[in-house]
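Trainee: So the protein sequences, as listed, match chains A and B.
If you count the first sequence from 1, position 187 lands on 187 in the numbering used here, and the numbers rise without skipping.
If you count the second sequence from 1, position 145 lands on 145 in the numbering used here, and the numbers rise without skipping.
Don't take every hint at face value.
Put simply, identical chains are the same to the list, so a pair is met inside one copy or across any two.
Said to hold, decoys possible - With a cut-off of at most 35 Å between alpha-carbon atoms, the simulated DSBU-like pairs for lysine-lysine come out as follows:
1. K199 - K79
2. K116 - K65
3. K199 - K291
4. K290 - K199
5. K291 - K158
6. K195 - K79
7. K77 - K195
8. K89 - K158
9. K89 - K188
10. K199 - K116
No wet-lab data here; the hints were simulated from the structure.
Each chain is listed here by its residues.
There are 2 protein chains.
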Amino acid sequence: MNQSSVLIVGSLAYDDLEMPTGTFENVVGGAATYASIAASLFCPVRLVGVIGEDFPNLVITDLEKRGVDAAGVERAKGKTFRWRGRYSKDLSTRETLDTQLNVFADFRPKIPEAFKSTPYVMLGNIHPALQLEVLAQVERPKLVVADTMNFWITGEPKLLGEVMKKVDLLVINDEEAREITGIHNLVKAANEIRKRGPKYLIVKRGEHGALYFDDAGAFFAPAYPLEEVVDPTGAGDSFAGGLMGYLTRVGSLDHPHMRRAIYFGCALGSFCVEGIGPRRLLDVTQGDLKKRMEQFMTLVETGGPVGIPS
Amino acid sequence: MNQSSVLIVGSLAYDDLEMPTGTFENVVGGAATYASIAASLFCPVRLVGVIGEDFPNLVITDLEKRGVDAAGVERAKGKTFRWRGRYSKDLSTRETLDTQLNVFADFRPKIPEAFKSTPYVMLGNIHPALQLEVLAQVERPKLVVADTMNFWITGEPKLLGEVMKKVDLLVINDEEAREITGIHNLVKAANEIRKRGPKYLIVKRGEHGALYFDDAGAFFAPAYPLEEVVDPTGAGDSFAGGLMGYLTRVGSLDHPHMRRAIYFGCALGSFCVEGIGPRRLLDVTQGDLKKRMEQFMTLVETGGPVGIPS
Chain A
1 MNQSSVLIVG SLAYDDLEMP TGTFENVVGG AATYASIAAS LFCPVRLVGV IGEDFPNLVI
61 TDLEKRGVDA AGVERAKGKT FRWRGRYSKD LSTRETLDTQ LNVFADFRPK IPEAFKSTPY
121 VMLGNIHPAL QLEVLAQVER PKLVVADTMN FWITGEPKLL GEVMKKVDLL VINDEEAREI
181 TGIHNLVKAA NEIRKRGPKY LIVKRGEHGA LYFDDAGAFF APAYPLEEVV DPTGAGDSFA
241 GGLMGYLTRV GSLDHPHMRR AIYFGCALGS FCVEGIGPRR LLDVTQGDLK KRMEQFMTLV
301 ETGGPVGIPS
Chain B
1 MNQSSVLIVG SLAYDDLEMP TGTFENVVGG AATYASIAAS LFCPVRLVGV IGEDFPNLVI
61 TDLEKRGVDA AGVERAKGKT FRWRGRYSKD LSTRETLDTQ LNVFADFRPK IPEAFKSTPY
121 VMLGNIHPAL QLEVLAQVER PKLVVADTMN FWITGEPKLL GEVMKKVDLL VINDEEAREI
181 TGIHNLVKAA NEIRKRGPKY LIVKRGEHGA LYFDDAGAFF APAYPLEEVV DPTGAGDSFA
241 GGLMGYLTRV GSLDHPHMRR AIYFGCALGS FCVEGIGPRR LLDVTQGDLK KRMEQFMTLV
301 ETGGPVGIPS
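Build out the structure end to end from the sequences listed, making use of the hints.
Mentor: Here is the structure:
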């Protein structure tokens, strides 16, 4: 059996990052970039997005070397999407200083013919109308995963509602889960979101790990605790990419695989934050991943059943 | 072999709780109260503390019925220690509105002769000078656990340093770990704290679970996710009591037992927050505990080894 691919649709960007350790400009970023790099550790990736004339060919070539098919990356006239943000001293919060949509303003995703039957589809955090356009073009995927953000939750609730009906797994953060539902308690908010469409839900909580909900109940995986966090940019996208990559690789959505996929997502997120932009993520080897997963498991292993002592 | 006991020294109190759902006054509280109730699900408890003339005999009788030996609870002239706090709407933060030390102001712990050889000792969050007085009275305990708070970290750093040298396991929250060390990163802060004395360290993170550190590395357990949190008061003390109760019951500090003890601590914390004050905690049966632990394990079980798929 041939290894399945994952289709990733979303942003490629330039980020300007004002960190406590200094300002880093023109850092290659974008949700689809991070997700593709992470997923490519597990399976072939098909990437759809848009870049401007200023985006280096070298980055695309690097992605291609990792097994990312960039045939769906359109080079448009103008500048690449750019985001500028400033992080708090402890890196726990950030504020957006500037967003320049540039070529992203007129982006309409065109899924190449050869990509349309990709079984695993990830819709990055783009306008819900564009997410629906992607879904209209693909053919009966096995799994559709989507991300979104506050901007669309408040600005396009109806369209987002349509997306949610067509999505198998929604991956959002805790604030977004609260904003979608108006419910503070995450267990209750998760139940409400799952009623609106997604069979599976992941609520990302940054350094506090991730909660997963399905018909069988809840599952929790912690963030991997690091001694040094350099740059949280892209951690959530790396999480989603690692998760999708793993699911695509194993070709199964059963309960244990979903759980393991979440751990792999957390592991990829932990690598991501170890360097500025995608720097560290790009260097991760299969050996690094194996070692991190082993250490991750020692963090959570209870060493046997946790029964009441007699 | 007779079942070992745990010695718990700390506060018994009246709490006035201003919750989003209403104000609840004269609620029986205190760290030692919560810890004793939790620990008594696992083993006999020996309690040392002070109450005023206003503290109901019925509460003491109830504790005694649970296997708590209250011979060390001194009834002093005056009023019981009282704390008044107000919780934020989402219960995630609280502010102290008033603290009346009352009989606690002159409290000097006197360990009854019959309690002095108790193998497991828990020093609640009291003045470090009093914690040292307790340690001077007990005979070579197998495990000494201590809690502390910001007030002593900033006010009595030297005495607290002395306590830390004599403690096996320190149980504090994340802000306290940062305050003791001046280090924001919890992994680094934990390493620094363990250099100052405690062989084992638990960093409580409230709804975000607990981190445990020993020579073998780090371990993480999440908080049990609840649909309804009623009152977080005493959750950390119930956690510590459940943890100590379990360790005392099994009579072992080996790595797997430590990890399971942390899960039992989290389970007791989760019961505690389900009712105002210790109300729910007092009703917890062995059956409730067994059921919660089973559900807790489904929350974290990966369903097999999490290896890289081939």
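Trainee: Hint by hint, say whether it matches the structure.
Mentor: Hint check:
| no. | hint | verdict |
| --- | --- | --- |
| 1 | K199 - K79 | neither (38 Å within a copy, 56 Å between copies) |
| 2 | K116 - K65 | within (22 Å within a copy, 69 Å between copies) |
| 3 | K199 - K291 | both (32 Å within a copy, 26 Å between copies) |
| 4 | K290 - K199 | both (30 Å within a copy, 29 Å between copies) |
| 5 | K291 - K158 | neither (44 Å within a copy, 41 Å between copies) |
| 6 | K195 - K79 | neither (40 Å within a copy, 52 Å between copies) |
| 7 | K77 - K195 | neither (42 Å within a copy, 59 Å between copies) |
| 8 | K89 - K158 | between (37 Å within a copy, 29 Å between copies) |
| 9 | K89 - K188 | both (33 Å within a copy, 16 Å between copies) |
| 10 | K199 - K116 | within (23 Å within a copy, 57 Å between copies) |
Figure legend: structure checked against the earlier numbered hints; hints not met, in rising order: 1, 5, 6 and 7.
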